[in-house]
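For the record, the sequence lines run as chains A and B.
The opening position of the first sequence corresponds to residue 1 in the UniProt record's numbering, with each subsequent residue numbered one higher.
The opening position of the second sequence corresponds to residue 1 in the UniProt record's numbering, with each subsequent residue numbered one higher.
Just to be clear, a hint being listed does not mean it is correct.
For chains that are exact copies, the list does not tell them apart, and a pair is met inside one copy or across any two.
With a cut-off of at most 25 Å between alpha-carbon atoms, the simulated BS3-like pairs for lysine-lysine come out as follows [what the hints assert, rightly or not]:
| id | residue 1 | residue 2 |
| --- | --- | --- |
| 1 | K43 | K80 |
| 2 | K135 | K46 |
| 3 | K43 | K274 |
| 4 | K46 | K80 |
Keep in mind that the hints were calculated from the coordinates and are not lab data.
None of these values were measured; they are calculated from a predicted model.
There are 2 protein chains.
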Amino acid sequence: MAQPMVGGDGAHSYAKNSSGQGRVMERAKELINEAIADKLDLKLLKIDTSSTFRVADLGCSTGPNTFIVVQNIIEAIELKLLQADRQNPSTIEFQVFFNDHPENDFNTLFKALPHSRKYFAAGVPGFFQNRLFPKSTLHIINSSYALHWLSKIPKEIVGGNSLTWNRESIRNKRFVNEVAEAYSAQFKNDIESFLNARAQELVAGGLMFILIVAVPDGIPLSQTTLGVFYDVFGSCLMDMAKMGITSEEKINSFNIPNHRPTPKELESIIKTNKYFTIERMEQLANRMSQSTFLAKCRTSAVRAVYEGVVMEHFGSEFVEPFFNHFTVKVEENASRFEKFQNPIDLFVLLKRTGDELN
Amino acid sequence: MAQPMVGGDGAHSYAKNSSGQGRVMERAKELINEAIADKLDLKLLKIDTSSTFRVADLGCSTGPNTFIVVQNIIEAIELKLLQADRQNPSTIEFQVFFNDHPENDFNTLFKALPHSRKYFAAGVPGFFQNRLFPKSTLHIINSSYALHWLSKIPKEIVGGNSLTWNRESIRNKRFVNEVAEAYSAQFKNDIESFLNARAQELVAGGLMFILIVAVPDGIPLSQTTLGVFYDVFGSCLMDMAKMGITSEEKINSFNIPNHRPTPKELESIIKTNKYFTIERMEQLANRMSQSTFLAKCRTSAVRAVYEGVVMEHFGSEFVEPFFNHFTVKVEENASRFEKFQNPIDLFVLLKRTGDELN
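If we strip away everything but chain A, and leave its shape as in the complex, we get (with noise of 0.2 Å):
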């Protein structure tokens, strides 16, 4: 059932609690800004007048907010260039490449480019995880809210042995360790991946901003405003099997392939890799309370990252009578998100080291 937005600015307002999310991107952009003017070494870059300055933006979407962040990074580049040398303005000229992985939907990405943008821009179909630009030709690179997908659903999960998970385990197998373990162990080895490639493509001096979502340390999933909605999702996914429209074989075959790491754990892959130093890491402030109308909004936005993986699993019949429920069990459940941490938006600024590639 629909439910229309609350307004005013009481503490239950769309007005309020967007402000949190707001808070989030004026927070990353003044982090990007600073990054720019302190740690941007143009002299290391080899950037003179006559250079193309290439920008990268990692799993870009469709717009509008890769837009946003490329012109907040050229606005800033500009400005450090103006600062350099107030005599002899700048002629340098951007090139920005918009990435995400070749089913995403480049038409609309597009159509939607601004018209009075100040860079040249191409679109780049491919897996991150994998080399996506020739070597040593990126400046700065931008990854937000992507680096969690996974390349694939680990081996030990999609494997034989998955239906002999019990049934608590198949309403929530992110709770069980073997599970949590063969995740955190893929989202290593693309995170490696990952870095690899981009040691490959970045020039040395060049910056990687990445803003993730990520499990506060040291708390269990199953305590997190995460695990309560894994746990919501699992059992309105049993619901439907009592009700019949499907099966708990078809619940326990169905994957999503993402992690969301701790930042401990995201530090430590990223420091076992020579080619990146990590500049900055930083939580930003979180941008939702634990109030019920969130866990409403959370419902509309987890529709929209989750319904494409539901229904190719389940068909599309499935998708409107689960989100349905669904909504209606975020509701049941609002104390239990009410009482749990959320999980935050990190966010990381890594440099690329001058040493060479083996």
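Assemble the complex: chain A is given as a structure, and chain B must be docked to it using the hints.
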């Protein structure tokens, strides 16, 4: 009414008649290979082993022809690099930009990209009369069967005056001198813009390959098969008006933004641009005989090209009866098609001079 392909290897067979088209593509490949072997100066291009070699295909559509041409270009360059230094195998990486207008179906293009390609691929949406790439970043540009598309209908044609054409000229406006001159002037403008944009993007010594369908020098349009095509097309439109399916006003406001130049016309436009030298200009073997079969073949090719513009102007219900009628009319006019000379496939090789940009 659908007609099956004519089998066997008789005069009207597909096998016989398609060989002309194959010959054109084969010859274009030879000319590109020769150009890369003889006219590409790697030192002038400042290509060393750590460089990125950048190729752009302008007007790429959705493949697969663009992939075939690009692969051929890259293999020719690899051969040249190998011959230049057999001791030190090149580690040069290739980046290929596929360009077409923003309404092109890049999703289809991206999904069709060869999996085993030797290059990093990117799509670039935009009109090639404008800048598309940063300055001095491309080494080779290819454009096959695309440059006849104009940036717009000449303003003289869309003006209020256009209703003053008489009945015969509505049927075939292209035979009216003022109209032909307006299209020719628009083509000149567009090619000048195209060359000026490419002069900025191509490095000194960079090559550009152009393949374009041209009208033979010294023959009036009305006495070429292209003229017969225009006439039959216009007469079909008039028949539709007689049947009450459309109106003469609607036909009068129907214009297709393309122009087929003569070789001399194209040559003289290029020669006014100081940033390019014409290294070669060759009429390729005719891809079509004037046979009745080819007139039929042409019908489906015509539909592939013109269905979009016809649908946009006359509506979707118009398309099927129109092209059915067109097929019949082409048959009726077979002897006229056989009497006149076909348009020619023209290959032009341009080289970017060392002249600095103003």
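25 Å Cα threshold - placement of K274 relative to K43
The answer is within: 22 Å in one copy meets 25 Å, while 35 Å across copies does not.
Same-copy or cross-copy closeness of K46 to K80 [CA-CA at most 25 Å]:
within (15 Å within a copy, 29 Å between copies)
Intra- versus inter-copy proximity for K46 and K135 (alpha-carbon distance at most 25 Å)
Cα proximity of K135 and K46: in one copy and across copies (15 Å, 17 Å).
Up to 25 Å CA-CA - K80 versus K43, copy category:
Result: close within a single copy only, 12 Å intra versus 34 Å inter.
Hint compliance for this structure: no hint is broken.
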